[in-house]
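Peer 1: Just so you know, the protein sequences line up as chains Y and R, in that order. Just so you know, we're using the working numbering here: the first sequence kicks off at 1073 and counts up by one. Just so you know, we're using the working numbering here: the second sequence kicks off at 1073 and counts up by one.
To be clear, the hints were calculated from the coordinates, so they are not data collected in a lab. Hints may contain errors.
Heads up, the list lumps identical chains together, so a pair's fine if it works in one copy or across two of them.
[As the list claims (entries may be wrong)] Taking lysine-lysine pairs in the BS3-like style, the calculated list, with each CA pair at most 25 Å apart, reads:
id: 1; residue 1: Lys1683; residue 2: Lys1478
id: 2; residue 1: Lys1179; residue 2: Lys1559
id: 3; residue 1: Lys1098; residue 2: Lys1179
id: 4; residue 1: Lys1478; residue 2: Lys1644
id: 5; residue 1: Lys1577; residue 2: Lys1683
id: 6; residue 1: Lys1472; residue 2: Lys1179
id: 7; residue 1: Lys1683; residue 2: Lys1179
There are 2 protein chains.
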Amino acid sequence: MFALIRRLLFGRPLPTSRQKHERLPKFLALPVFASDALSSNAYATEEILLAFALMGAGAVAWKSVIWITLAIVALLWIVVISYRLTIFSYPQGGGSYIVTKENLGLKPGLVAAASLLTDYVLTVAVSISAGVAAIVSAFPQLANDRVMMGVLAVAVVALANLRGLRESGALFAVPTYSFVLSISTMIIVGLYKVFTGDVQPVHAQFGEVTRPVTGVLFYFLILRAFASGCAAMTGTEAVADGIPAFKPPESKNAAATLVMMASILGFLFIGISFLAKAYQAVPYESGHPTIVSQIAQGIFGRGWFYIVIQFATALILILAANTAYQDFPRLSSILARDRVAPRQFAGIGDRLVFSNGILALSLFAGLLIVIFHADTSSLIPLYAVGVFISFTLSQFSMSKRLRTLKQPHWKLYSSISLFGSVVTGIVAVVIAVMKFTAGPHIPIGSIRVPTGAYIVLLLIPAIVAILLKINRHYLELGDQLRIVEFKEPVPVRTTAIVLTSGIHKGILQALEYARTLSHDCRALYIEIDPNDTPLIRDRWEQFGLGVPLVILESPYRSVLGPTLAYLEEAKKERPGHIVTVVVPEFVPLKWWHKALHGQSGFFLKIALMFKRDIVVTNLRYYLER
Amino acid sequence: MFALIRRLLFGRPLPTSRQKHERLPKFLALPVFASDALSSNAYATEEILLAFALMGAGAVAWKSVIWITLAIVALLWIVVISYRLTIFSYPQGGGSYIVTKENLGLKPGLVAAASLLTDYVLTVAVSISAGVAAIVSAFPQLANDRVMMGVLAVAVVALANLRGLRESGALFAVPTYSFVLSISTMIIVGLYKVFTGDVQPVHAQFGEVTRPVTGVLFYFLILRAFASGCAAMTGTEAVADGIPAFKPPESKNAAATLVMMASILGFLFIGISFLAKAYQAVPYESGHPTIVSQIAQGIFGRGWFYIVIQFATALILILAANTAYQDFPRLSSILARDRVAPRQFAGIGDRLVFSNGILALSLFAGLLIVIFHADTSSLIPLYAVGVFISFTLSQFSMSKRLRTLKQPHWKLYSSISLFGSVVTGIVAVVIAVMKFTAGPHIPIGSIRVPTGAYIVLLLIPAIVAILLKINRHYLELGDQLRIVEFKEPVPVRTTAIVLTSGIHKGILQALEYARTLSHDCRALYIEIDPNDTPLIRDRWEQFGLGVPLVILESPYRSVLGPTLAYLEEAKKERPGHIVTVVVPEFVPLKWWHKALHGQSGFFLKIALMFKRDIVVTNLRYYLER
């Protein structure tokens, strides 16, 4: 029954021979690896504007948004140029964990890994929440079901991945290109309208303008908005991770794809930010209608093309979540193989996927969606810190590597990496400071706990500590179990003790078995009611197969206590022997019969499970009626 | 830790030698055995009045209540006279089950037993609910906590009984005699006031008088009220059950106690019913203030004596519940020893009490209190039917026995028993018909299910059927396990198969053990990743102690499937052999280490538990770090 449900949900098991790697041409690799990065266009501009709006500084928002966008795009290109070096250095795939571990050592590597793991979880939570917001913008009547829709989306993506949805180019191509095309169309038509002066702004009023923005406050706001906007850069590392999936020449194709991705991302991001100002789109704290929705509505009205844009946005966001479903299990399986994560993450399931990683990711992401009510801007303060930490570590590692290898042009190249590392490091600090407690206050019991980047900054060292502890355990385990040299084994001697509650056919079978175990064999009977003892003794003499019967009194009518005490004695009495306890048990034919028998055998087994140097053997006697 | 909590709640275990029987003099036996019967005075009059009030026939209630009371007292004396015969015939204790089984056979005996078991559960529920009503009458602000108080009271009584509260005369004497004395005082003062004309009726208005009461309706109402009032007779059988607890001459003392009990019960019942009319006490559907509360308030005001009466009432009602806590576990242990009830009910716990019976009773009674909102009059329709069925069966059995034994005066005595049986049988039918669906409608899902005596009439045969089924299982079990004649056993041969996941110290230990089990010994390795196999094979040759290694491919990466398939093969290959599967397992030092290892060993054990003719032996290797 269980097997049937399992099969319906997850499909038939797949043989190992089906495991193979799809090689992607560039036009298919782009959607696969860029969907995460491109999808952030759905919320990046909005987060920048919201950073102003929340401080009552709407007045400067429209003026600044385009400049902040340009700064982020510039930062993107720095990272892209630096990552091209990684792509050519690690044609087998240069994820931050691998690059950092190889060049800086295990602990920095684990910091990169922990940063990425938290960020993958956040990618799922943020993307799904933003996808839900796109749908809710089109259908506001669904606003109250956001959390439910979010959790459902996580479940669907998880299920698809458990079934073994591979990084199939075809699957990604349609939504990604639809998104790119529909948003590009929107931008081009919007720009045309702006330049022909055919613009009807969506809103006249930008929240409440409560304070004049001058001096330090102005720079603070700019930094804060910049920190929010940096969420646009998550997903940039995906190409470098996945080089083996490209058609040869792998590195060259990957580098070209990365550049293509950055170009599209930059175009869309700048376009949306420009139109947000032109159409005076306003961010809502409720998260909907989204900025993209407002722009689309301003340009096309709420017609069919508006719906296309909203659906394409929702779809690419779900795909972005799906990339995390590739990355998180893959990274945790690498960690498991390196013996720093629980080994269950290394195992490939029935359907040739890392099932446990998928389940863990879904659990954490679902939890975040519930805690933060599927609200994108509540999650953003936790987001991006991790990614920038991993950028910094990975590029710093590259610069060290390039300096060490001293290949042609190493001075230039290592400087590029170092520069990238310094810039992303500074941005990481900016995000951490600006977003430290920028999230909503979450009620836990009666206390309202603030949230923000500090959570991630606490989580990363905690995860590293746990990974190191796990690593130590596995190393110690290996030490203890390793057979170093061959020793002729000392012959093992066994003492067999049969636990009896009387004498019947089930016991007889156990006695026969015990006699094959050892010549040193006896039976133990715990006397609960002294009136029964003479009969037992008589019948034992008659039928007991010559196995000596030990009778123990139990003044407190407990079977467990005297049994355990006797076994301890027996162990002491025969040092070097393994004491094998034979527990006879009859198995009734019908399930409800089980309820009609005492469970003392079961409790005995449980208690014996925790005793050292005692081997428990269960002998079942099957009833036929 | 668990043991400590257990000890705090239930006390230290008691040795079997502490088991002894207290012998009670009459003045202590009376409170022990009469508390149940006497306590029904707290609600019997009220139920009679309520039967009228609910039909809008308050007008005839005060006129009829005293006559109905007298009829019930007359019925009580018939039963008492008849039960005196049982007391002298069964000095070792003549519960209805024993008497009926011995004289009419097992099935009628089980009907009596099932009737009593349901009635014991109802005794607890009704008494506790009425006790709570007495408290709520004094403190109406507690009205909303009735269910909680009821469940709590059940828990306290259950706990006291699990600790081993014996039928201690001293414990029962104070509340029972307090109740008898305080209610007697109330009756005497009340009668004095009535005869001196010093009565201020509590209420002028008796509910709504909605219909004229004439002809058939009148007789119907009278019968209905009579059926309700019969609840007063529950508990009468207690003396006959408990004869061995009396000081010698047991039967004589028991008979005297029974007569004493009936006299007191009659006096109190008639007194309360008379005063209910005189003070024009009115029954409330909410159950409070109770009739006794209204009378006491009318006579004494709400002063200290009023509070004494209410507390004495509550206490004796809880004691009445406590009698069921003696009777139910005792009867179920007798049934278990007769192999008609699950044998767990026969076992005496740590504290020399039948713990499982106590738990079962508490569970059922607590459930009833929750379902019926701790409302006495909602429970009354289910009550008393069972008792009257057992009265009928027990007395009919006695009349048969007396006719068979033909001792002196047998004709008179057997006629008395037969008459008692016929009268109680008729009353049982009256109660069943009058109360058939008289209870409240209980919502189950969206349906409101009627309640009433029919539930008990369905339950009794259901319980009998279950008991018979249990009996058949135990008899069949005995047949199957019984050793009829001694047969020289055929020598058992064992094939030992060690499940391995590699080769390390834990496996070595298992191999050594397996070699002591049998010369026919091998190891089984399931190949998940073919790349590992050559290494395993090499190391096995070096360290494998000469045990042959079987390597099986697993194209679907499952360990379970190929292992089970191989074991099936092995069984077929060696017919007559017992296949012993040795499962090596290492035991980590810290609990959280367990989470770092695959659970395939655990799942294997579970799967093997259900395979026939396979013995599973676990070999644990203890890690030291």
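Peer 1: Output the numbers, in ascending order, of every earlier hint that fails for this structure.
Peer 2: 1, 2, 3, 4, 7
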